[in-house]
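Below are the chains, spelled out letter by letter.
There are 2 protein chains.
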Amino acid sequence: MSDHICSAGCTHSSHLNDADLQGEFAEARRSLRASIGGKPTTGAAGKAGVTQRPLPSKKAGENFSHYYVPANDKTVHWGYFSKSIEPLLKVESGDYATIETVTHHSNDDFDRMIKGDPGAESIFHWDAKGKNIDRRGMGPMDHPLGAGGGMGVHVCTGPIFINGAEPGDVLEVRCIDTMQRPSGNPEFHGKTFGINAAANWGFQYNNLITEPKTREVVTVYEVDAKGDHTSAKAVYNYRWTPQTDPFGVVHPIIDYPGVPVDHSTIQKNYDVLKGYEIPVRPHFGLIGVAPAEVEMASSNPPSYTGGNFDNWRMGRGATAFFPVSVKGAMFTVGDPHASQGDAELCGTAIECSLTGLFQFILHKKADLPGTKLYDLDYPLLETESELIVHGFSCPNYLKEFANSADPVAEVCSRASLNTAMTDAFNKTRRFFMNTRNLSEDEAISLISVSVDFGITQVVDGNWGVHAIIKKSIFPK
Amino acid sequence: MSDHICSAGCTHSSHLNDADLQGEFAEARRSLRASIGGKPTTGAAGKAGVTQRPLPSKKAGENFSHYYVPANDKTVHWGYFSKSIEPLLKVESGDYATIETVTHHSNDDFDRMIKGDPGAESIFHWDAKGKNIDRRGMGPMDHPLGAGGGMGVHVCTGPIFINGAEPGDVLEVRCIDTMQRPSGNPEFHGKTFGINAAANWGFQYNNLITEPKTREVVTVYEVDAKGDHTSAKAVYNYRWTPQTDPFGVVHPIIDYPGVPVDHSTIQKNYDVLKGYEIPVRPHFGLIGVAPAEVEMASSNPPSYTGGNFDNWRMGRGATAFFPVSVKGAMFTVGDPHASQGDAELCGTAIECSLTGLFQFILHKKADLPGTKLYDLDYPLLETESELIVHGFSCPNYLKEFANSADPVAEVCSRASLNTAMTDAFNKTRRFFMNTRNLSEDEAISLISVSVDFGITQVVDGNWGVHAIIKKSIFPK
Chain A
1 MSDHICSAGC THSSHLNDAD LQGEFAEARR SLRASIGGKP TTGAAGKAGV
51 TQRPLPSKKA GENFSHYYVP ANDKTVHWGY FSKSIEPLLK VESGDYATIE
101 TVTHHSNDDF DRMIKGDPGA ESIFHWDAKG KNIDRRGMGP MDHPLGAGGG
151 MGVHVCTGPI FINGAEPGDV LEVRCIDTMQ RPSGNPEFHG KTFGINAAAN
201 WGFQYNNLIT EPKTREVVTV YEVDAKGDHT SAKAVYNYRW TPQTDPFGVV
251 HPIIDYPGVP VDHSTIQKNY DVLKGYEIPV RPHFGLIGVA PAEVEMASSN
301 PPSYTGGNFD NWRMGRGATA FFPVSVKGAM FTVGDPHASQ GDAELCGTAI
351 ECSLTGLFQF ILHKKADLPG TKLYDLDYPL LETESELIVH GFSCPNYLKE
401 FANSADPVAE VCSRASLNTA MTDAFNKTRR FFMNTRNLSE DEAISLISVS
451 VDFGITQVVD GNWGVHAIIK KSIFPK
Chain B
477 MSDHICSAGC THSSHLNDAD LQGEFAEARR SLRASIGGKP TTGAAGKAGV
527 TQRPLPSKKA GENFSHYYVP ANDKTVHWGY FSKSIEPLLK VESGDYATIE
577 TVTHHSNDDF DRMIKGDPGA ESIFHWDAKG KNIDRRGMGP MDHPLGAGGG
627 MGVHVCTGPI FINGAEPGDV LEVRCIDTMQ RPSGNPEFHG KTFGINAAAN
677 WGFQYNNLIT EPKTREVVTV YEVDAKGDHT SAKAVYNYRW TPQTDPFGVV
727 HPIIDYPGVP VDHSTIQKNY DVLKGYEIPV RPHFGLIGVA PAEVEMASSN
777 PPSYTGGNFD NWRMGRGATA FFPVSVKGAM FTVGDPHASQ GDAELCGTAI
827 ECSLTGLFQF ILHKKADLPG TKLYDLDYPL LETESELIVH GFSCPNYLKE
877 FANSADPVAE VCSRASLNTA MTDAFNKTRR FFMNTRNLSE DEAISLISVS
927 VDFGITQVVD GNWGVHAIIK KSIFPK
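Just so you know, the sequences run in chain order A and B. Residue numbering for the first sequence follows my numbering, starting at 1 and increasing by one per position. Residue numbering for the second sequence follows my numbering, starting at 477 and increasing by one per position.
It should be emphasised that the hints constitute simulated quantities derived from the structure, not laboratory data. Hints are supplied without guarantee of correctness; some may be wrong.
[Claimed, not checked] Some chain A residues near chain B, calculated using beta-carbon distances under 8 Å: (1) G341; (2) E400; (3) S450.
[As the list claims (entries may be wrong)] Within a straight-line C-alpha distance of at most 20 Å, the following computed SDA-like cross-link-like pairs (lysine to any residue) qualify: (4) K476(A) to G606(B); (5) K591(B) to G751(B); (6) K476(A) to K591(B); (7) K233(A) to L914(B); (8) K274(A) to F950(B); (9) K591(B) to G606(B); (10) K274(A) to K709(B); (11) K709(B) to F664(B).
C-beta: ideal position from N, C-alpha, C; glycine also.
Model the full assembly from the supplied sequences, consistent with the hints where possible.
Written out as structure tokens, the structure is:
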């Protein structure tokens, strides 16, 4: 591995035409986890099935690797970010990783989304004797709902330590490709499924107009597993009924992640959205780095380090930039989605396991002035044609409510699109003033006539408004 | 003229390939107001320069007309909707009209945007002896700021009476084409200009970070006058200074529309947004029909009958649908924009006079069940690929605050994206349930996984959130 650290202007050699890299990702596309020719990494991570393969050097001083990170009970943590988790692997700036992610809603349909998939089976294993992954969320281990209390729900793959990353740096993460995870059950060979749950944390929950006025509804979608921009169709739906977990705890609502749904207790309705086709735009709802402020942060509210910001634009071809908050950055990804509308209204997208191919580029603090990454204290996305600034009701709730006994409850109680809009405006103005040297008057006029503000999500506690800056406006 | 009234399924003959229709619009493109071969309509409207020309009949029973409606002091009303204004002309369902609209910000740069343009000159004429258009806004005629009090600011062309339209019907307005209005001043031959004002009603006004903390800024843009999808560039900007109008009233802020700005009192800064190019997306910020609830409604807050809803998608190729509230619908259009971002953050777009070619189609109430127009009580937009539902902080503030002394102050005091989001959700759910026969569970899942919610505007008193439904989701 190299000790090369990118400067902000660095364009790494691209390995995208590397036949082996393509081949390895294609292998991931064909099977859940076949050997891809890499050798196990050393230490604990190696035991979890993480492999490494050197990539052919294209440029003097560059010796990059491609890692493969399967999702299993040893490579994921559930419901939280933490700077203190032992990293799965350590990578250099410029390295690639193919990373499997698994949706926390898989147990809403065990047969379609877990059965026959060894990785998913190991993650969700739970019987009267125990769970493979006990902690789910940042809550206490003796929480009455279950260990961790479901205070944070997402199955997160990682963390990945980026060598050389220090607080104040910026981590660039390029999403080179995505693939849906096929069902491991021979009965559903070649198919992929996803879950949409209209849940108690959804925007609609206290505003239903048909009876029963209090209900949660799970809709199972079939997603085309072969392409990336095809469609998803509803298969059936059911209303959540009280579920008793293997430890005997009853869950009258969806209040703890990964509870196996006993399909003998539900009524399946196959007459659902007949003929409707949802355009698929695969993306990662949760992606980011660990915050310095706390030992353990719920995975639910997004924050300045990214996390669960739920922007559907975070898919193939998109690049995310995160302010590094702790040594090594501690990159984590999860909450895979096949599709989501801006707002993610009912609380979830089509929650669908995905594998992503990523490249990591580290930008050192000293190299940031004069670049678009200067003064970055929020997750910034870049697509081929756009830069996307993310505003939140509370820009950094962990700092703002550091003295509170329950920062998550504090941020949830303040959820508002009005404050998220103000934050998105403040950040966008700062972006133009600090990285483009515009006056405030110039920035404000430019924003009003050319920047589109959209509603990222209204369901993650810390609500989001994003600002879309078209790159075509910039001087050529 | 025909007595043909469209049913909801009716597709009128298109005259878009009619050489004369194209020729007349092209004529409008070349000059401000040349004779286009039509004959003056009779009555008062005829005197205002409105002309009519029969279109060749393509189908038995159809005899449509193309009207040309210039903008001048006789064809516009300023700052309000009213069911009681004498209509400019009466059209049949199926008729076309080329309609000139003039921005109310023209006097921010008289030389570029009024001088040499007889229509604009007649609208803005104001000297110590009087104004051609005295009332500007729905306020009292003896308001200290000026007649009408500037309670409503937009120069509105219309109203147009649609024969046969009754409350409960839906008026479809197809925007077939748009053109920018060229400067009438020989010094700026072939050029078009627009104004962006970062004004006191903007989202930024109480949140400025550089000195002086209280200021309004006018930025003058040059807009390519030839094409529709080209770019705009800033020419110069200036900070608003107290302006004394011809009646001697001092305007320390932008508090009354059409006040001539004395350029000897301002400091022009030409070092503004050098090299930045704003994509032009010409559209009408204000378009709609008259509400039944009041004699006179401010043109500022949008409502269920449309009006100033400020969606940049309302341009060429878009179709708007409005619930008819009064006999004849009383269609009005204005507030032309060269470009705007979703949010219209600083209070204005690039305010730029435009001419539009429209076709009117009337859908009778009895024909609405089973169509997308059933139960419509808000402005619905349709583009080639999308249907766009408009939510507001207050869906119908004129009804909601009917007993208030000042309904506009009431709605402004309640401006919130949170309530606008709820309204957009409620309407979108109703749309799917009532026009597509989906269950509430189906509607909510579909919305969450496929509908994008955006921020239309945060500056018009009644804030807007729109929901974008992709037409590709519907069963084929």
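Violated hints - listed by number, lowest first: 2, 4, 5, 6, 10
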